[in-house]
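For reference, the chains in residue letters:
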Amino acid sequence: MLKLVVCIKQVPMVTELPWDEKTGTLRRDLAPGMMNPACKHALEAALQIKEKHSAHLTVITMGPPAAKEVLYEALAMGADSTILICDKILAGSDTYATSWILAQTINKQCDKADLILCGAFTADSETAQVGPQLAERMNLPAVAYAEKIEVNGRTLRVRRIVDNFRETMEMECPALVTVSMENYLPRYVGLGGLQSAFDENQIKVMDTATLGIVAADVQKEGSRTKVRRVFLRKTQKENEFFTGVAVNVVHEFLNKYERKISTVIGKSIEGKERTRGK
Amino acid sequence: MQFNPCMKHKLIRDSARHFAETELAPIAAEIDKNATFPTAVAEKMKKLNYFGLQVPKEFGGAALDSVSAAIVVEELSRVCAAVGLCVTVHNGVAVFPFLQFGNKKQNEHYLPKLASGEMIGAFSLTEANAGSDAGSVETTAVQDGKGYVLNGTKIFVTNGGICDLALIFALTNSDQKQLQSSVFIVESSCEGFLRGELEDLCGMRANPVSSLFFENCRVPEENILGKLGMGMKIGMTTLDNGRIGVAAQALGIAQGAFEAAVKYAKERQQFKKPIASLQTIQNYIADMATEQAAARLLLYRACELKDAGEPYGCEAAMAKLYCSTLASKTTSLAVQIHGGYGYSKEYDVERYFRDAKVTEIYEGTSEIQRMVIARAVLSKLTL
Chain B
1 MLKLVVCIKQ VPMVTELPWD EKTGTLRRDL APGMMNPACK HALEAALQIK EKHSAHLTVI
61 TMGPPAAKEV LYEALAMGAD STILICDKIL AGSDTYATSW ILAQTINKQC DKADLILCGA
121 FTADSETAQV GPQLAERMNL PAVAYAEKIE VNGRTLRVRR IVDNFRETME MECPALVTVS
181 MENYLPRYVG LGGLQSAFDE NQIKVMDTAT LGIVAADVQK EGSRTKVRRV FLRKTQKENE
241 FFTGVAVNVV HEFLNKYERK ISTVIGKSIE GKERTRGK
Chain Z
1001 MQFNPCMKHK LIRDSARHFA ETELAPIAAE IDKNATFPTA VAEKMKKLNY FGLQVPKEFG
1061 GAALDSVSAA IVVEELSRVC AAVGLCVTVH NGVAVFPFLQ FGNKKQNEHY LPKLASGEMI
1121 GAFSLTEANA GSDAGSVETT AVQDGKGYVL NGTKIFVTNG GICDLALIFA LTNSDQKQLQ
1181 SSVFIVESSC EGFLRGELED LCGMRANPVS SLFFENCRVP EENILGKLGM GMKIGMTTLD
1241 NGRIGVAAQA LGIAQGAFEA AVKYAKERQQ FKKPIASLQT IQNYIADMAT EQAAARLLLY
1301 RACELKDAGE PYGCEAAMAK LYCSTLASKT TSLAVQIHGG YGYSKEYDVE RYFRDAKVTE
1361 IYEGTSEIQR MVIARAVLSK LTL
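Which chain is which? The protein sequence lines are B and Z, in order. The numbering of the first sequence is this note's numbering, which starts it at 1 and goes up by one. The numbering of the second sequence is this note's numbering, which starts it at 1001 and goes up by one.
Some hints could be false.
Simulated coverage check for chain Z against chain B, where a stretch passes if three residues somewhere in it have a Cβ under 8 Å from a Cβ of chain B [claimed, not checked]:
1) 1209 to 1221
2) 1241 to 1252
3) 1352 to 1359
Derived lysine-lysine pairs resembling DSS-like cross-links, with alpha carbons at most 25 Å apart [as the list claims (entries may be wrong)]:
4) 1008(Z) with 1044(Z)
5) 1266(Z) with 234(B)
6) 68(B) with 1010(Z)
7) 50(B) with 1345(Z)
8) 52(B) with 1047(Z)
9) 1272(Z) with 204(B)
10) 234(B) with 1272(Z)
11) 68(B) with 1266(Z)
12) 1010(Z) with 237(B)
13) 1057(Z) with 68(B)
14) 1272(Z) with 50(B)
FYI, nobody ran anything at the bench for these hints, they're computed from the structure. From the three backbone atoms N, C-alpha and C, an ideal C-beta is built for every residue, glycine too.
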C-alpha cells in the first residue's frame, strides 16, 4: 500500500491583508481562514492517486488550533488521517524552520512515506520554498510545479510546464512533488463527508515536545530569513484621456505610445493601415 | 449560549457557498429568465448529499444538525433561491415526514432513494379551495380492497414538474360528519398521477412549480404515512419544520441582496463620491445589517430547539415571519440603492426582489404565522 503525505496550510480568505507594521507580519487574525488553493490541488492529486492505487493518505498542517478546520476539510474530501502540529514556540518560523518541523513530523509519524505532496506555493506569502526545502531536509528527489503525476509501481512520472516548456521527469519513490494549480481541480466537499469528519475526528494534535523539536531549530533562532521592512507598493498607474475626433485621437495615441506597443508585441506597428489614415 | 458559528458550521457554509458560487451563480439569471430547472447542477448536488441533509447515515444521508441544514439552504438561496427552494422543500417537507412518521419498511424503501436524490420529493397540501385553511382539502382517497383510489387536484406544488414522489393530503372518510385527512406516499409512476403545466410565476422561476392531478390513482394501503386520519397532525408538524427551511431561504435571499447593495453602494459614484458615503444609504445598510443579524439568531434558535427535542413551532413561525418580512424589505432596499439599474434584469437584485415576495406567502402566510405565534403566546400561563 502506498503511503501518501500531503502538507497543507491554512491561509487568510482575502487577497490583500493589512500588515502589522511593528512585526512585519500579516494580520491573519482579520480574515477567516481557508485551505491554501494550491494545497487543495495537491490534496486532489493525492486523492486521485489513492483512487487508482491502494494508498493511505495522511494530511499534515502546522498552525494554531483554528487550523484544525483545514484538516476537517481534508478528511471530508477523503484523507484517512491528519496531524496538526500546534505549539506556541513555532510562531515566527520561516520556510527553513517550517521545512524542518515538517520533516521531523513526517519522519516520526509517517514512517516510510512513499510520496509527499505540497502545494507549489501559498496565497499569503508565495515563496514556493517549503516543498523544495522539505525535500532537501529529507534527502528526497523532488519536482516542483507539477501538473500531472502518474504512479507506476515505485516509479513516478511527473509532468510540469516551466518557461513555456513541458517537461516530463521520472523518479523513484520515496519522493516529493509540489503541485501547481494548472490541473487537479479540487473536488467539492460533500456535506455528509463534513459531518463524518467531525463525528470521527481523525485529527492528531502534536506539540514540539512529542515531536522532539527544540526551540533552537524553530522560531527566529531556527529561521534563516529576517523581515527587515514591509511596505505597500504604491500604485503608479494613471489613466490618460484622449479627447477629440476619433481619427485624431488614434493618431495622437499612436504617436505617443507606438514604441511602447511595438516593444510589448515584438513587432513594429508602423504599417500601411496607419499611413493610409494620414 | 453560543453565538459564534462553530468550526463545522463555518465549513458547511464555506463548502455550500463555494458550490453555489461556482455552479449556480453563472446560470442563476438565465434559468430564471427561461424558467428552467438546472438538472445538470442538481445531479452534482445529489452526489454531495444536498438531498439528504438530515437523513441518518444508515440511509445514505448527511445526518446534519438543523443549523447546518439551514446554513446550506441559506447559501444556495443567497445565489439562486429557486434551487434553494427545491432543496428545502425536498428535505424539509418531503423527507422530514418520513423521519417523523414513516414506518421501518417505508423508511428502508424510500429514505435511501430520497437521500441520494434518485427520487425528488414534493409535498401537496394546497388546493384551489384549501390554502391557509388546510382543513378544506377536497382530494379524496376512497378505500377499495387493499388500496386507496385518489381523486383531486393539488396546485402550486413546488418541485411538481420534477418530483418522483409526492406526499398527498386527501380525505379518507367520505362521511361528511367526520372528515379526516390522511397522507399518502404517491410515486409519480403511479397510473392516474398527472402533472399540469408549469406555473408562470413572478419569482422562483427556475423551480418547476405545477399542479398535480389525481385521476383514479390507486395506491396500496402500505403507502399511508403514519396512520389513517393523521393528516392534520403530519401536516402541522411538517409545516413547523418547513418554516425553518423557508426562513433560511428568505434569509439567504436577503443576504444576497444585501451584499449586492453594499458592493454597489461602494462603487456607484454620485456627487463625485461613492453613494455609500451618503448618510441615507448608510442608514439603509445599517438597518439591513442589524435586522439580518437578528433574523439569523431567531432562525438558529428555532433550529436548536428542534434538535433538542423541545417544542419549536412558535419559534419557527417567528423565524419564518421575521426572515420573510426582512427578505422583502431588504430586497426592496437593495433595488432602491441600485436606483434605475436595480429595476433592470441586468442586475441580480431585480431577481432577488421578485424571489423574496413568495417567502411571505408559502409554508403559511405571514398572517398565519402571526396566528400561530399569538396562539402560543396567549396559551401560556406566564409570559
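Do the hints match the structure? See the list:
no.	hint	in the structure
1	1209 to 1221	violated (count 0)
2	1241 to 1252	violated (count 0)
3	1352 to 1359	violated (count 0)
4	1008(Z) with 1044(Z)	holds, 22 Å
5	1266(Z) with 234(B)	holds, 22 Å
6	68(B) with 1010(Z)	holds, 12 Å
7	50(B) with 1345(Z)	violated, 46 Å
8	52(B) with 1047(Z)	holds, 20 Å
9	1272(Z) with 204(B)	violated, 56 Å
10	234(B) with 1272(Z)	holds, 23 Å
11	68(B) with 1266(Z)	violated, 35 Å
12	1010(Z) with 237(B)	violated, 38 Å
13	1057(Z) with 68(B)	holds, 24 Å
14	1272(Z) with 50(B)	violated, 57 Å
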